[in-house]
Amino acid sequence: MSRQVAFCAVLHQPWRIARYTFFDIGHHRNYFDDALNRRLFERIARKSYLPALKLMKELCEDAGFRVNLSITGTFFEQAKRYRPAVIRALRELHGTGGLEFIGETYYHSLAFLLSEDEFREQVDLHRKLLKDEFGEQAGVFRNTESFYNDDVAAAVERLGFRGVITEGSEKLLGWRSPGYPYQADGTGIQLFMRNYKLSDDIAFRFSARGWEEWPLTADKYGAWLEAMPDPFTLIFIDFETFGEHHWEETGIFEFLRHLPRKARVEWVNISKLLTRKFADRLSTKDFLSWADMDRDLSAWLGNDMQRSAFHFLRDLEGPVKAKGDPELLETWRKLTTSDHLYYLSTKLAGDEEVHSYFRGEAYSSPYEAFTNFMNILQDLRSLIQ
Amino acid sequence: MKVLILSSELWPVFSGGLGVAVYELARNLSKMGESVTVAIPKLGWKGKLDAEVVEAPLSAGYSVYFYKGEPVLDWESMKSIYAFNFALFRSCSGKRPDVVHANDWMTVPAAVMFREAGIPVIFHVHSTEYDRTNNNPREWVLELEKLGAERADLVVANSHRTREQLVSLYGIPPEKVTVIYNGIDLRKFRKALGRPVRKPGDRVVLFVGRLTIQKGVWHLLHAARMVVNKDPRVKFIIVGEGPDMPFLIKTAIELGLERNVVFTGRLDDDGLMAAYRFSDIFVMPSVSEPFGIVALEAMASGTPLIISKTAGVGEVLEHCFKVDYWDTQLMASRILEVLNYGSLRRTMLGNGAREVRQLSWENMARQFAKAYRRVAR
Numbered sequence: 001m002s003r004q005v006a007f008c009a010v011l012h013q014p015w016r017i018a019r020y021t022f023f024d025i026g027h028h029r030n031y032f033d034d035a036l037n038r039r040l041f042e043r044i045a046r047k048s049y050l051p052a053l054k055l056m057k058e059l060c061e062d063a064g065f066r067v068n069l070s071i072t073g074t075f076f077e078q079a080k081r082y083r084p085a086v087i088r089a090l091r092e093l094h095g096t097g098g099l100e101f102i103g104e105t106y107y108h109s110l111a112f113l114l115s116e117d118e119f120r121e122q123v124d125l126h127r128k129l130l131k132d133e134f135g136e137q138a139g140v141f142r143n144t145e146s147f148y149n150d151d152v153a154a155a156v157e158r159l160g161f162r163g164v165i166t167e168g169s170e171k172l173l174g175w176r177s178p179g180y181p182y183q184a185d186g187t188g189i190q191l192f193m194r195n196y197k198l199s200d201d202i203a204f205r206f207s208a209r210g211w212e213e214w215p216l217t218a219d220k221y222g223a224w225l226e227a228m229p230d231p232f233t234l235i236f237i238d239f240e241t242f243g244e245h246h247w248e249e250t251g252i253f254e255f256l257r258h259l260p261r262k263a264r265v266e267w268v269n270i271s272k273l274l275t276r277k278f279a280d281r282l283s284t285k286d287f288l289s290w291a292d293m294d295r296d297l298s299a300w301l302g303n304d305m306q307r308s309a310f311h312f313l314r315d316l317e318g319p320v321k322a323k324g325d326p327e328l329l330e331t332w333r334k335l336t337t338s339d340h341l342y343y344l345s346t347k348l349a350g351d352e353e354v355h356s357y358f359r360g361e362a363y364s365s366p367y368e369a370f371t372n373f374m375n376i377l378q379d380l381r382s383l384i385q
Numbered sequence: 001m002k003v004l005i006l007s008s009e010l011w012p013v014f015s016g017g018l019g020v021a022v023y024e025l026a027r028n029l030s031k032m033g034e035s036v037t038v039a040i041p042k043l044g045w046k047g048k049l050d051a052e053v054v055e056a057p058l059s060a061g062y063s064v065y066f067y068k069g070e071p072v073l074d075w076e077s078m079k080s081i082y083a084f085n086f087a088l089f090r091s092c093s094g095k096r097p098d099v100v101h102a103n104d105w106m107t108v109p110a111a112v113m114f115r116e117a118g119i120p121v122i123f124h125v126h127s128t129e130y131d132r133t134n135n136n137p138r139e140w141v142l143e144l145e146k147l148g149a150e151r152a153d154l155v156v157a158n159s160h161r162t163r164e165q166l167v168s169l170y171g172i173p174p175e176k177v178t179v180i181y182n183g184i185d186l187r188k189f190r191k192a193l194g195r196p197v198r199k200p201g202d203r204v205v206l207f208v209g210r211l212t213i214q215k216g217v218w219h220l221l222h223a224a225r226m227v228v229n230k231d232p233r234v235k236f237i238i239v240g241e242g243p244d245m246p247f248l249i250k251t252a253i254e255l256g257l258e259r260n261v262v263f264t265g266r267l268d269d270d271g272l273m274a275a276y277r278f279s280d281i282f283v284m285p286s287v288s289e290p291f292g293i294v295a296l297e298a299m300a301s302g303t304p305l306i307i308s309k310t311a312g313v314g315e316v317l318e319h320c321f322k323v324d325y326w327d328t329q330l331m332a333s334r335i336l337e338v339l340n341y342g343s344l345r346r347t348m349l350g351n352g353a354r355e356v357r358q359l360s361w362e363n364m365a366r367q368f369a370k371a372y373r374r375v376a377r
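Which chain is which? The protein sequence lines are A and B, in order. Residue numbering for the first sequence follows this note's numbering, beginning at 1 and increasing consecutively. Residue numbering for the second sequence follows this note's numbering, beginning at 1 and increasing consecutively.
None of these hints come from the bench; they were simulated from the model.
Lysine-lysine pairs mimicking BS3-like chemistry, simulated, CA-CA at most 25 angstroms apart:
id, chain 1, residue 1, chain 2, residue 2
1, A, 347, B, 309
2, A, 347, B, 322
3, B, 176, B, 370
4, A, 47, A, 80
5, B, 250, B, 230
6, B, 191, B, 31
Quick list of the computed label-pair ranges, beta carbon to beta carbon:
id, chain 1, residue 1, chain 2, residue 2, range
7, A, 314, B, 171, 50 to 60 angstroms
8, B, 326, A, 307, 28 to 38 angstroms
9, B, 179, A, 248, 31 to 41 angstroms
10, B, 258, A, 294, 47 to 57 angstroms
11, A, 323, B, 247, 43 to 53 angstroms
12, A, 80, B, 315, 40 to 50 angstroms
13, B, 376, A, 220, 47 to 57 angstroms
14, B, 247, A, 293, 49 to 59 angstroms
15, A, 219, B, 373, 51 to 61 angstroms
Source: prediction; values computed, not measured. Heads up, the beta-carbon is just placed ideally off N, CA and C, and yes, glycines get one too.
Based on the provided sequences and hints, a complete structural model is requested.
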């Protein structure tokens with residue numbers, strides 16, 4: 001039997017916040033930068049979402065390709081508002097029968113660290129989105145940025161999922177290979193471990209001319225997939241890899257176009273890999289994520305600013321909910337999106353390049369991002385007192 | 001290697017940013033085993049019209065030539081400047097230096113004379129005439145700067161900002177201009193570290209610099225008005241003196257800030273350390289700032305920074321706020337944010353300390369030693 005490959009990608013956009021100074025506190029509630037969000041969404045839709053979704057649809061129809069997508073609620077809202085053609089493209093891809101949806105928090109948030117109630121509510125909001133828009137239900141869950149520890153597995157099982165995707169980090173796997181069915185210790189949850197080497201070969205290294213494997217062709221990559229000793233391989237990347245992180249000129253679309261036929265593997269929807277026969281049990285108390293070299297929470301909660309902003313946000317949950325104003329709750333939830341904390345990171349060395357790339361056009365420095373965010377939280381607090 | 005440094009300032013005789021940079025460079029080059037002589041004027045010396053030069057050892061490693069010239073060496077008079085430069089050349093050429101390091105336009109004529117005599121010259125630009133005059137340059141000074149840059153074997157700018165000016169405004173070929181940043185003496189400013197000592201509840205914003213239009217204190221005072229409207233406990237300490245002092249005091253009074261703004265005049269090193277230690281935040285609102293060493297000093301003293309986007313020092317500092325000097329509302333907002341968000345202050349200082357550690361005078365001297373060898377062949 002040929003090897004199985006689950007190809008997964010995340011579609012996400014945060015509601016980026018506007019410049020909001022100390023003097024704006026108490027004066028207005030224009031927290032989000034509509035013009036910036038529109039400009040970015042439209043650009044990425046043109047360069048990435050639309051051409052890549054169309055290509056994936058063709059590949060599902062003609063080349064036996066299968067794809068698994070984690071689509072956040074905030075992404076869906078922005079697509080609806082700024083570029084509805086993206087939603088049509090998603091529906092067309094869905095119509096081929098080759099698309100499986102992955103569950104997650106609607107706001108791509110750190111809700112799990114806020115409270116179990118908020119986590120459940122945001123997961124339910126996302127479920128409702130999938131049901132209302134596509135009539136689907138997700139069986140496999142991926143927490144924001146692959147945040148994972150034993151408690152996540154237990155909470156996700158209580159919500160009725162059967163599998164969880166996380167990072168195939170050595171911290172959790174030890175000597176084991178990522179491409180086997182593992183059981184989250186103490187639960188019936190199946191852990192899907194991302195093969196970060198093969199994923200990053202596409203996501204980060206594809207257009208790196210200094211890389212010894214450059215240029216990466218569908219033939220070469222297909223041969224790597226075939227040669228994997230593991231029964232299955234999980235590729236998980238940012239969807240914008242196609243056309244935005246690597247521009248069309250790098251040949252990334254041609255790579256994707258040829259990959260399904262060149263690789264003699266079976267492309268699968270991820271729930272097909274669910275089993276009860278586990279290879280081993282895995283357990284971790286420490287949090288994992290898929291970010292940076294550290295693969296932990298330090299990109300979001302690594303410095304004092306990030307922790308104090310997060311605590312401020314967390315302390316608002318009770319008062320915001322007690323107020324009973326749905327619009328206020330929605331605003332607060334938009335602020336729980338993990339990107340807002342990521343922009344505040346001051347991590348140095350090799351990771352800074354990645355961080356400033358993503359902070360990019362929104363804020364010139366983590367300090368500016370912090371003050372905008374805190375000033376907005378201060379204003380929000382003034383509304384509920 | 002025998003290095004002759006020509007300068008108009010030398011700490012502690014005169015100490016603007018230039019004087020400090022020349023002193024630290026000479027000291028560190030000497031420590032590295034270079035044979036260094038610094039030639040400077042001695043202002044205010046009553047003497048003959050004929051220039052006379054005396055030698056004085058300043059520290060173990062290097063010696064200083066004081067020029068004793070006209071009753072007062074007048075930087076506005078070309079005649080006086082040339083007399084100074086002739087004296088520099090006459091008295092120092094006997095030393096047969098391997099390389100001459102000229103600082104700014106005041107020593108250009110002497111540098112050119114050395115170049116004519118076949119000695120390699122490095123022209124080190126700390127600021128340009130456009131910076132110093134708020135874009136109303138004097139023609140003859142511009143010509144001296146251009147001459148210095150054209151005749152030198154290598155031009156060193158103290159920031160990329162200065163380098164771009166030399167290329168675009170003076171037409172110097174970009175490949176001829178290299179950037180070497182100033183450094184900082186971390187040990188000196190360690191004394192200023194630690195929590196501020198003062199009345200609880202007081203909050204202090206600090207400015208240090210010459211009170212001239214290009215330092216932008218006028219903009220800071222307008223930001224101060226907005227800050228005080230939000231929080232009347234905030235005090236602004238303005239350290240330094242200069243031609244604009246009466247005007248700035250008048251402005252502070254007109255803005256109703258007499259309870260919140262203190263003009264201290266010039267402070268000695270101990271006073272300055274106390275001021276840094278006393279302050280919650282340092283603001284450098286410069287309209288024009290080729291480098292801005294004080295920003296590094298503030299950072300080394302554990303004081304968070306807001307600097308103008310125009311400052312060259314911004315090229316080496318990431319862990320601070322950068323604002324447009326004219327955007328006084330944003331400047332005021334940033335001041336209030338640093339005062340109110342403790343975690344912002346801690347994160348900036350923790351990262352900033354790491355950042356300034358890389359900017360030592362030793363490092364600057366090493367780069368110059370390499371540059372000297374490049375031009376001396």
